[in-house]
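Could you build the full structure based on these sequences and the hints that come with them?
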Amino acid sequence: MTAATAVVDRRDVSRIPAPLAGVVEFLRMMSRKPVGLIGLIGVLFFLFLAYVAPLIVPLQDAVDVTAIYAKPSWTHPLGTDFQGRDVVNQIVYGGGDIITTAILAALFSTLIAITFGSIAATVGGRIDAVILAITDVALTIPQLILLIVIAAIFRPSSFFALAVILALLQWPALLRQIRAQVLSLRERDFVEAARSLDLGLMHIIFREMLPNMRSYIVIHFIIAMTLAIYAQAAIMFLGLVPLSGKNWAIMLYFAYNQGALFFKDSFFYLMGPIMAIALFQLSLVWLASGLEDVFNPRLRN
Amino acid sequence: MATITPAQGELQVRTLQRSPLSRMRGNLAGLWGRPITQAVAKALLTIYVTSTITFVLIRLMPGSPVEIKIDELMNQSQMSYADAAAMASGLFDIDLKAPIHEQYLAYLGNLAHGDLGNSFLSRGTTVMSIILSVLPWTLFAVGTGLMLSFIIGIFLGLIAAYRRNSLLDHAVSTGGSIVSSVPGYLIALLIVLIFGIQLRWLPITQMRGAFTSGITPGFTFEFIGDILFHAALPISVFFLTHIGLWILSMRSATLAALEEDHVTVARARGLSDGRITTAYVGRNAVLPLVSQFAIAAGAVVGGAVIIEQIFVYQGVGLRLVASVNQRDYPLMQGIILMTTVCVIIANLVADLLYSKLDPRIGRAGGAAGK
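These protein sequence lines are chains A and B, in that order. Mapping the first sequence onto this note's numbering, position 240 (from 1) lands on 379, and the numbers just tick up by one. Mapping the second sequence onto this note's numbering, position 144 (from 1) lands on 134, and the numbers just tick up by one.
If you are wondering where the hints come from, they were derived from the structure by calculation, not from laboratory data. It cannot be assumed that every hint is accurate.
Said to hold, decoys possible - Reference listing, derived: stretches of chain B covered by chain A, where coverage requires no fewer than 3 residues with Cβ under 8 Å from a Cβ of chain A:
#1 70 to 81
#2 140 to 146
#3 162 to 168
#4 179 to 192
Stated by the list, open to error - The following label-pair restraints were derived from C-beta to C-beta distances:
#5 A:418 / B:62: 39 to 47 Å
#6 A:180 / B:251: 52 to 60 Å
#7 B:155 / A:202: 51 to 59 Å
#8 A:272 / B:72: 38 to 46 Å
#9 B:277 / A:159: 41 to 49 Å
#10 A:242 / B:213: 44 to 52 Å
Heads up, the beta-carbon is just placed ideally off N, CA and C, and yes, glycines get one too.
In structure tokens form, the structure reads like this:
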């Protein structure tokens, strides 16, 4: 009986093309924990908002002095800003830069952490000691303070430069964890086998070890994105990045410096970007925690 | 050395057979093996590297502040390059004519005397005196917030783990993950926006500063109450941004500790639930959180910058932003260094506390750490 249903199930799954079957299985596992599912939906929503919605909704950039700090209405669902511009429109156009910078920063910092973390663990000895010492030092300096001073000196004017600076500051925590992972993987039989076949350090790291840390790296990539958003929004709020254009954190900077914080009417103007950043951060964290459960069967119960 | 483990004994035998040089190296290795030596060496290395980074940032980078200042002086007061450079030299306390390695050594020499140079803006005021006047306020607010969140957080995490999957557990865990995901400065803005402006529950403008001007500092109820009144909002934000971390970490650590054999044995021996919870479960679960505490201390000093800005609390963060806006580079340099020193001290204290709390650490030979 059970054997028969198992066979039927397998046939059902096999009718779906292979990559889709994986997606279906993934969604089924994600839906077991509401928090993870909410996170996934939230992240997809914000990605849509930031990259697809600007293609559909026209930019409304005109100053309208008759509608300064307008209350929410059908034409302006979240009200208007200090120049009478629509807040929702700014939220739609203001996500792209921040999210792109966060993805780039997470990518660069993950690459640094993987490369040097696995080199430290596989080579060992003095190189390991030196890499670890540098990591410890980098972990000790308060990163946001260093970032503020670096931003004040360099004034990064492109989001690519900003992403590089963020990445150079936030790799240490991940490096330590990658190193620990590699150290435990190093003792496994398949790595031993690759080593005895003399397949070379690069092959062992990239072909044998990294595929086994895939889930781990994905989760930390998401966490790295939250750190990058936290840091870049912080320095933009302080007005240290001469980025022109629209962006949730720059909206906050203008709102704060126009004194919008102290007007009763500008409540929704400030709540817009605050909620956009806060909900995106929360979605990322919850997605990461949902993925952790999917990838690590021992946590599921 | 109280006891000698077999490995150390073997080391000593081997060093006796070697040359004097390698014997010295062996002794150094013995000293190096002690946790205190390693911690102090790491601390000194970190201070050295941090000061080098700030030196490089200020002096060597393209478009360095020194060059910018020289340009500024030339444009503003029609000085010649030499005059402007001489004046910039004085301002930065750097002899620009000296070769770069001599400048670097002079800078390190000054640092060794605790001399961080003079502030650009208030001439004649040392950077050190400025920092020492604001740093205590930040440390007080950050420290109080962190301690409160730690105590209440581990308590809530312990309860959540004991009542796993109950409504209380879900409420506490979900609430914890929400407040810890939202950046602290956004929470600060929300507090001002909702409780200060919309509802008018909090007198935001009166709560600015570190204490009310005109009040005489001292150990009086009035002064202490005033300090707490002004620090209340920053403390609440530091509390909220960290409580989630402690709840979630303590919850999972307690769940792991509850499955240990010695807890089952303690139950079988008929020990009281209270004793099992505190001495068997709680104590083991809290251990890994102590080292997390030190890491959090570093992050929270950085995060304090914007929170102090929003509440206008006169701590080191507010001063940092002011120094950035006024391009007071010696002050920026000093703030990076001094906050790093604070984090290092927090780390050292956490290490010591850890070895006090966990008798397995700190014994001779058992110093491997993590």
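A quick look at each hint next to the structure:
1. 70 to 81: violated (count 0)
2. 140 to 146: violated (count 0)
3. 162 to 168: holds (count 3)
4. 179 to 192: holds (count 6)
5. A:418 / B:62: 39 to 47 Å: holds, 43 Å
6. A:180 / B:251: 52 to 60 Å: violated, 42 Å
7. B:155 / A:202: 51 to 59 Å: holds, 54 Å
8. A:272 / B:72: 38 to 46 Å: holds, 42 Å
9. B:277 / A:159: 41 to 49 Å: holds, 46 Å
10. A:242 / B:213: 44 to 52 Å: holds, 50 Å
Violation of the numbered hints given earlier is confined to hints 1, 2, 6; the remaining hints are satisfied by the structure.
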